[in-house]
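Engineer: Sequence:
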Amino acid sequence: MKLQALALAMLALASAPAVHAADPVKPEKPAAKTDAKPAAKPADAKSAAAKPADVATDDPRLKAALQLTEAQIKSTKNFEALTKLAQLYNGRDLTRFTWSMERLTELMPNSGALRLELAAVYADQDDKTRTYDSLIRLQTQGFAYQIGNDGRFDKVRGTKVWDYIVANLAANAAPFGEGKVAVELPGNDRLFEALAWDPKKKQLLAGSAREGVIYRVGDKGQLTEFVKSDPAAGPWAIMDMKADGERDALWVASFGAKVFKGYDAEKVNKSRLLKYSLSSGKLLAQYVADGESGEHAFTKLAVGKDGRVFVADSPKREIYRLDGDKLVLVTANPNLTGISGLAVSDDGERLYFADPALGVFGIDLKENKPFALAHSPDKLVLGGIDSLHWYDGALVAVQGNMVPPRVMRLRLDPTGHGVQTVMPLDAAKPEFAVLGNGAVAGNELYFVANSQRNEYDSFGVARDESWLQPVKVYKSDMRYAWNEKGIGTALAPIPASRDGKSHYTPSNSNLRQRAAKKDGE
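According to mature numbering (1 follows the signal peptide of the UniProt record, and there is no 0), the residues represented by the sequence shown are -21 to -1, 1 to 500, in order.
Among the hints, erroneous ones may be present.
Taking lysine to aspartate or glutamate and the EDC-like style, the derived pairs with C-alpha atoms no more than 20 Å apart in a straight line are [what the hints assert, rightly or not]:
(1) Lys159 to Asp198
(2) Lys345 to Asp325
(3) Lys454 to Asp227
(4) Lys345 to Asp269
(5) Lys107 to Asp133
(6) Lys464 to Asp371
(7) Lys237 to Glu274
(8) Lys254 to Asp198
(9) Lys240 to Glu434
(10) Lys254 to Asp223
(11) Lys254 to Asp209
(12) Lys199 to Asp223
(13) Lys207 to Glu225
(14) Lys207 to Asp243
(15) Lys42 to Glu59
(16) Lys305 to Glu274
(17) Lys237 to Asp168
(18) Lys139 to Asp129
(19) Lys261 to Glu204
(20) Lys284 to Glu204
(21) Lys179 to Asp133
(22) Lys159 to Asp456
(23) Lys237 to Asp198
(24) Lys254 to Asp269
(25) Lys249 to Asp269
(26) Lys199 to Glu163
(27) Lys181 to Asp456
(28) Lys284 to Asp243
(29) Lys107 to Asp129
(30) Lys246 to Asp269
If you're looking for bench data, these hints aren't it; they were derived computationally from the structure.
Work out the full structure: start from the sequences and follow the hints.
Structural biologist: Here it is in structure tokens:
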């Protein structure tokens, strides 16, 4: 059986869409019997790939899977099929399970969970070299995992290298940065998912996904209703906002999500880009893609310095540009897993967007040519981004799905196509729970530090309103350590040099002290 056919069979069992289309792979000769014994016990289900599949031993798909060679397994780009293969092999064929996990980590270099799972697979085989290599790579990428008491690594503990790895992974979990909570919003059933900054009034605005209402935020977190929700005109669930002070415009991405209190059949899969007066709150215009019958879910916005507006439909992996009174498709890529952030360079030449799993990409707008943001995936993780912002030749990324959660500044090279240096702004702060959208205010970035979205069920209803906490709006200084050289394109925690001086780690206070001294603070 060809791997492509097998992949389709696996996908028939899957509940989620494939990340990549299956690649046609020519069949090879059946694999020779391996010396490795079947796994004595299934790997712990720390990730979807490690969850054993409940398949009968006489299932033809299993029989076909057990004939696949290493080359066949490692030549596909179909993440979903590989996940199903790994589940089939788990507890049945340790060698092929390992091959599948290795290929999965290649396809998803930003996934710390997958690499940690692979390290555990190596550890179960008492393969110290590959276990340590995998864990050191996680540490170098900036991940912070507490593995000191993880029973999956019992076979490889007890060495100096192990102790070094455990200590440095733990060091990555230490709080870093000088940011702080700027204000707290009331902890009630509003679900604030969007922020914007009014540069003229120097005031924060907060958009409610539950109410479809936009509020002006006072210094102490008091809320003043600014834009009311209209059942017909909106806003409905507010997912993102951007303020354009120069043009007195407030742009809102809104759609009929289940979490919206006014959700009904007429709003299902309907989405609008709305334009309001930033000074008065008056609705100025509304835009839909593909006509009123089009089904969309606008979740991310970007507004260029020249006033051009871009909006993303994350579920469809589409980005639109407002051209006159029409939304024009800029790009659509089904191979993406989603779109979790948008940013436009100040010169208006490049649009950047974040995929929550695959990292950061861009489009040269003059030629409409896409590119992947160049960096070393071995040393810098660009997955897990919740919002993306442009700032003075750099991209600032809020990475809520990184372990630990963090805010990173990525200075780009002159072409804008690659990362030149990186600097963490804030990481592993105790206030960081579920990070969310942000708003640029001069040199500062405001963002939601503890979104309450996980407290709502699949029907959009709060599981228990008493669980809803005040929403912490965090403030990071995007110019922090501006005169520092940066960390190249890598985050490489090193405990100490021969001279005894501590070098950079995300938890190293010396970096902050040097930055303050150079900036004259």
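Engineer: Which hint numbers doesn't this structure obey?
Structural biologist: Those not satisfied are hints 3, 4, 8, 12, 13, 20, 21, 23 and 28.
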